[in-house]
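**Q** Sequence:
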Amino acid sequence: MQDSSGRGKITEIYEKLLAFFGPQGWWPVYSDNGPRYHPGDFSYPKTDIQRIEIAFGAILTQQSSWKNAEKALFNLMEHGLLDLEGILETEEEILRNIIRSSGYFRQKAERLKLFSGFVLDRHGDMEDLFSSDTKELRRELLSVKGIGNETADSIILYAAKKPKFVVDAYTFRLIERMGIAEERDYDSVQRLFEEEMPKNLEIYSEYHALLVELGKNHCRKKPNCTDCPLKQICLYNKKA
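First residue of the sequence shown: 1, per my numbering; consecutive thereafter.
None of the hints are false.
Derived pair list, reagent style BS3-like, types lysine-lysine, alpha-carbon separation capped at 25 Å: (1) Lys135 / Lys113; (2) Lys113 / Lys46; (3) Lys221 / Lys238; (4) Lys161 / Lys67; (5) Lys113 / Lys161.
Label-pair distances were calculated between CB atoms; the ranges are: (6) Glu93 / Gln232: 50 to 60 Å; (7) Ala240 / Pro39: 28 to 38 Å; (8) Phe20 / Gly86: 33 to 43 Å; (9) Thr47 / Gln232: 41 to 51 Å; (10) Glu85 / Asn237: 50 to 60 Å; (11) Lys145 / Asn237: 36 to 46 Å; (12) Arg36 / Asp187: 24 to 34 Å; (13) Gln232 / Leu88: 51 to 61 Å.
Rather than coming from a laboratory, the hints here were simulated on the basis of the structure. For every residue, glycine included, the Cβ atom is placed at its ideal position computed from N, Cα and C.
Produce the complete structure using the sequences and hints provided.
**A** What follows is the structure, encoded as C-alpha cells:
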C-alpha cells in the first residue's frame with residue numbers, strides 16, 4: 001500500500017515512529033552492569049552470557065509482559081543461571097520458582113532446559129550456534145519445542161545480530177488499523193516488512209522496538225489516538 005508520493009506506508013510508519021520516539025536501544029542487556037538500554041549502540045550483545053540473556057529473555061516474555069519477564073531474568077542472574085549448564089543442572093521445581101513471575105513458569109522452565117540442552121548438544125556454545133546462516137539458524141531454533149516464529153526471530157535479530165524482522169501482536173494490530181493488511185499470518189506479514197525495508201540489522205532492531213512502544217502507549221486494544229504519531233495516516237483513526 002503506497003502513499004501519495006509513491007513511498008511505501010511501511011517505510012513512512014518507521015520514519016514517523018523514529019522521529020517521535022527516538023532510538024530505543026533494544027534489546028536491553030543487563031548482565032555486564034552497563035547500560036540497560038543502549039540507544040544507537042548496536043555492538044550488543046558482546047559476550048556469550050549476553051547472548052544467553054537475550055535468548056532466555058525471548059523465551060520468558062512469551063505470553064507475558066516484558067516487566068514480568070524481566071523480573072524472572074533478574075532472578076536468573078542473581079542465582080548465576082545465565083548459564084546453559086547451570087540451567088540443566090538446576091532442579092526443575094527450583095527453576096520454576098525462580099522464573100515464576102514470567103507466568104506459565106512450568107512450560108518456560110522446560111523450554112529453558114530444552115533450549116540449553118539443544119545448544120550444548122548441537123553446538124557447545126551460543127557463538128557456534130549463531131555461526132550458521134540465517135535460514136539454517138531459524139530452522140534449527142524452530143526445531144526446539146516451545147520456540148515459535150516470534151521467539152526464534154527475536155533470538156536471531158537481537159542475540160545473533162542477523163537481520164530478520166520480528167512480528168508480534170502489536171505488528172498485527174498496526175497493519176490492520178493502518179489498512180495495510182488484514183491477514184494474521186506470521187510469514188506473510190514478515191514478508192511485507194522485509195520486502196519494503198532494507199535488510200538491515202539496525203533498522204529491523206529499531207522498527208520492532210518502536211512498534212512495541214507504539215503498542216504500549218497508543219495502539220492498544222482500546223486505542224489512544226489523541227497524540228499518536230500515526231494518526232494522520234491511520235485508516236482506523238480516519239474512520240473513527
